[in-house]
Amino acid sequence: MKCPSCANTLEAPAPRCPHCKLSLQRLDSKFGLVPAHSRFLTDRTGKLPLDEMTQLRAALRLFQKKFPQSLFSVFLTELPRGTSVAEYGFWLANRAKFSSVEKTEGENFNLLLVIDLAGNAAALTVGYGLERYVPEQDLKSVLDDFANGVRDGGLAAGLRVGLDSVTRRLRELSTNARAANFETASG
Amino acid sequence: MQRVTLRLLLIILLAGSTGDLSAQLPTPAPAGPLFQERPFGPRPAATPTPERKKSDSEAKQPIPLAWILGGTGIGLLAIVALLYGSARRWRSSNLFDRQYRFPIVEEPALRFGAKKCGGHLAKVQLGLDPLQGEQASKTKDA
Chain G
28 MKCPSCANTL
38 EAPAPRCPHC
48 KLSLQRLDSK
58 FGLVPAHSRF
68 LTDRTGKLPL
78 DEMTQLRAAL
88 RLFQKKFPQS
98 LFSVFLTELP
108 RGTSVAEYGF
118 WLANRAKFSS
128 VEKTEGENFN
138 LLLVIDLAGN
148 AAALTVGYGL
158 ERYVPEQDLK
168 SVLDDFANGV
178 RDGGLAAGLR
188 VGLDSVTRRL
198 RELSTNARAA
208 NFETASG
Chain X
3 MQRVTLRLLL
13 IILLAGSTGD
23 LSAQLPTPAP
33 AGPLFQERPF
43 GPRPAATPTP
53 ERKKSDSEAK
63 QPIPLAWILG
73 GTGIGLLAIV
83 ALLYGSARRW
93 RSSNLFDRQY
103 RFPIVEEPAL
113 RFGAKKCGGH
123 LAKVQLGLDP
133 LQGEQASKTK
143 DA
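Residue numbers (the numbering used here), protein chains in the order written: chain G, 28 to 214; chain X, 3 to 144.
The set of hints was computed from the structure by calculation and includes no laboratory data. Predicted model, so just to flag it, every value in this text is computed and none were measured. The beta carbon of each residue, even a glycine, is placed where N, CA and C say it ideally should be. Heads up, a few of these hints could be off.
[Said to hold, decoys possible] Not everything, but these chain X residues come out facing chain G in the computed CB check (under 8 Å): (1) Phe37; (2) Phe42; (3) Lys62; (4) Pro105; (5) Arg113; (6) Gly115; (7) His122; (8) Ala124.
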């Protein structure tokens, strides 16, 4: 596991990063109040056209039908210069209430994609429930697909490509995880 | 002798009476019709055909147009309701769109005082031109 701020590897679970002293409380004082957000898609920049937002919300709703445990939320913003999108994503994933039912610890299978248009960066983070099954390499390849889609067809097209990519990967990972779980239980 | 004479006389008398009897019987002839019209008196008129009942004539009346329209409307509503229910059932049954689930992790390694997400993430630089974004936002603000 890595620290979302300094990216150093942690040997054991810790209340704060031994390298950069990062903790959620520290980020609270850094970012302040949680910005207004909605369940599936939040555009704080106003860059996404309304019809695109409607289509993307429908696609994200369909994603939740396929993966009933998971809520995939997309948050578009323009962070102040020098703000780490990874830190912000980690903080927002813990502080925002994208769902009326708050799932914590191993029951949190949610995903959050934060796109910082000012910093020209994006971060994809998952809850504790998914981190055992979804390796960082898979998250990275989903983000690469998203970035390629953005370069080719713009933001909305990139989001669609990224959503397809994450759906495909989670489908494989879920099948593998359930098969492994079944073998462990039976053997 | 007298007895013999008396018996002979009796025989003769009896024989003579049977001959008369055979002569009196009529010769057999075909009988006439059993039911003969009465040869006299006025003939009664034919029995009139009874008129049909009133209810029979009402059944032949055409169904009112309002009834036909109402029945068709109710039928259409029932079909639409049936189709709507079927469509909802079809969507919710998720027949061809399989659902995927992950086993729940019992004791995850909690970090940084966070209860939902421990910072397991990836990040990427996008290919967007930041100046383009700034110009767009400035234009919007103006």
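- prompt: Given Pro105 of chain X was flagged as interface, is its beta-carbon under 8 Å from a beta-carbon of chain G?
  reply: holds (4 Å)
message: Does Ala124 of chain X hold up as a contact with chain G if the rule is Cβ-Cβ below 8 Å?
response: Holds. Min distance 4 Å.
When the least beta-carbon distance from Lys62 of chain X to chain G is tested against 8 Å, hint result: Lys62 of chain X check fails; min Cβ-Cβ to chain G is 58 Å, beyond 8 Å.
message: Using the nearest Cβ pair, does Gly115 of chain X come within less than 8 Å of chain G?
response: holds (5 Å)
task: For the hint on His122 of chain X, just tell me whether its beta-carbon gets within less than 8 Å of chain G.
output: At about 4 Å, which falls below the 8 Å cut-off, the nearest Cβ of chain G leaves the hint on His122 of chain X intact, so it holds.
message: Let's test the interface hint: is any C-beta of chain G closer than 8 Å to that of Arg113 of chain X?
response: holds (5 Å)
message: Does Phe42 of chain X hold up as a contact with chain G if the rule is Cβ-Cβ below 8 Å?
response: Result: violated, 103 Å to nearest chain G Cβ.
- prompt: Against chain G, is Phe37 of chain X within 8 Å by beta-carbon distance?
  reply: Since the shortest Cβ distance to chain G is 94 Å, the answer is violated.
Hint compliance for this structure: hints 1, 2 and 3 are not met, and every other hint is.
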